[in-house]
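Since chain F is already given, all that's left is putting chain Z on it; use the hints.
Chains as they are written, first to last, in my numbering: chain F, 1 to 225; chain Z, 1 to 213.
Mixed in with the good hints, there may be bad ones.
Said to hold, decoys possible - To give a feel for the contact side, a few chain F residues facing chain Z, derived at Cβ under 10 Å: (1) Leu-35; (2) Asp-62; (3) Pro-123; (4) Gly-170; (5) Ile-171; (6) Met-175; (7) Asp-212; (8) Arg-215; (9) Thr-223; (10) Thr-224.
Don't read these hints as lab results, they were simulated from the structure.
Every residue gets a Cβ at the ideal spot worked out from N, C-alpha and C, and that includes glycine.
The chain contents come next:
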Amino acid sequence: MIPRYQRVLFWILAIASILMALFLLHGCEQAREKLTRHRDETPLAAPVATASETVHLALADDADGSIKIADRELALPSETTARARALLSRLIAEYTYKNSAHPIESGPAIDDVFLLDLPLHPPVATRNSSVKSPEAGSATGNPAVEPHTPGGQLAVVNLHGAFADHHPSGIEPEMLTIQSILGTLYANFPRIEQVRFLVDGKPRDTLNGHADLNRIYAVANTTTR
Amino acid sequence: MNRNLVVLDPAHGGPDAGASLGDHIPEKYTTLALATRLRTALTAAGFTVIATREGDSADPLTADQRAEMANRTQAVACIVLHATTIGSGVHVYTSTLQPMPEDAATADSPRVFVPTPWETAQARFVGQSLRLSDDVKNALATGNLPSIVGRAAVRPLDNVMCPAVAIEIAPLLVEGGNPTPVTDADYQQRVANALTAALKTWRTHADSRTVPQ
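Same shape as in the complex, but just chain F (with noise of 0.2 Å):
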């Protein structure tokens, strides 16, 4: 025989419990309710067909180490660093056709392009916030970055981990690399002036063992021949 205590007990229990779960749902339905009607329903923009456009790629040469305007018919975005972006990766791309003269394993290669006006001071470390002068930036040992031009951007090149590590490694086949990336820079984005690689988001001594990625390099025409 069930004491009577405790069959008052089991029933508060349980509509204790069905009122809670009530509250949740109720509670559920309101923060749906809540998030529906701050939802933008309107349409995406509909895909626009973006015209071809010739493009300049600075393509290497292992043979005898030169690089070469080419020109190539590419449909790119209108942003600039979407642009840049996409130019860069599709020249990687260029040597990763068969019979490349400068042949590079396929994968992914550009992560991203971000274009910074100059000039670029460096971060201020200081101990009174306050103060917060260029000059003061030198003062840490790192100059401040001066466009050549007024408006003259620099680039930051962030690559991937794995292009870099998979690399043909030696001083001819990185430096065309990095040749072939200034050129077709140059011939494509007049703002850009200079240009500073990353690897995986990070400050990396060379591409694969010889060419330095340690500096700001300047955009310039790299055509030899």
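Just chain Z, lined up with the frame of chain F:
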């Protein structure tokens, strides 16, 4: 400047094996072998040779330490040795730094101490390095060795205060035949002989040229 002193830098070493040159041969051994041959040839030609590494130490000098070693010697030339499987022939590189006037401090101007930035220490010597690379190119041509001459951002070229070139040997392509690998002893000896001839020419030139102190 010591006109009989040459600094050789066989690149890589220790945990830094460099490029893989096929059959699991790392670049560090090939550069060391080439340096040994070159050292013998240079010594026979009357040069004193200092090498930044003699063997494959587990704890080799860093690029900065190699440059420091070279900068203390006031050598007539500093030669950095590399090897690769890409391309063909011998690649001759000089620093990418813009040359500075070698006679910047003239007799008329007051002598003012101007510190040399480490990252651009080679700038004062780029003109001489370019002339040295010309001598190397001519000697390689005389030895029937194809060459490519260029500029490269390779450490420690920018940090050394002497006429400096980086020599990278690549397989020797033969028309209608198999390429000669960089590990071939005869090929390495031919390169060493050509470099010795170039440095003998350079030593003669160094006598007749104004050399910054």
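So, going through the hints one by one against the coordinates:
{"no.": "1", "hint": "Leu-35", "result": "violated (53 Å)"}
{"no.": "2", "hint": "Asp-62", "result": "holds (5 Å)"}
{"no.": "3", "hint": "Pro-123", "result": "violated (20 Å)"}
{"no.": "4", "hint": "Gly-170", "result": "holds (3 Å)"}
{"no.": "5", "hint": "Ile-171", "result": "holds (5 Å)"}
{"no.": "6", "hint": "Met-175", "result": "holds (5 Å)"}
{"no.": "7", "hint": "Asp-212", "result": "holds (4 Å)"}
{"no.": "8", "hint": "Arg-215", "result": "holds (6 Å)"}
{"no.": "9", "hint": "Thr-223", "result": "violated (13 Å)"}
{"no.": "10", "hint": "Thr-224", "result": "holds (8 Å)"}
Violated hints, in rising order: 1, 3, 9; the structure is consistent with all others.
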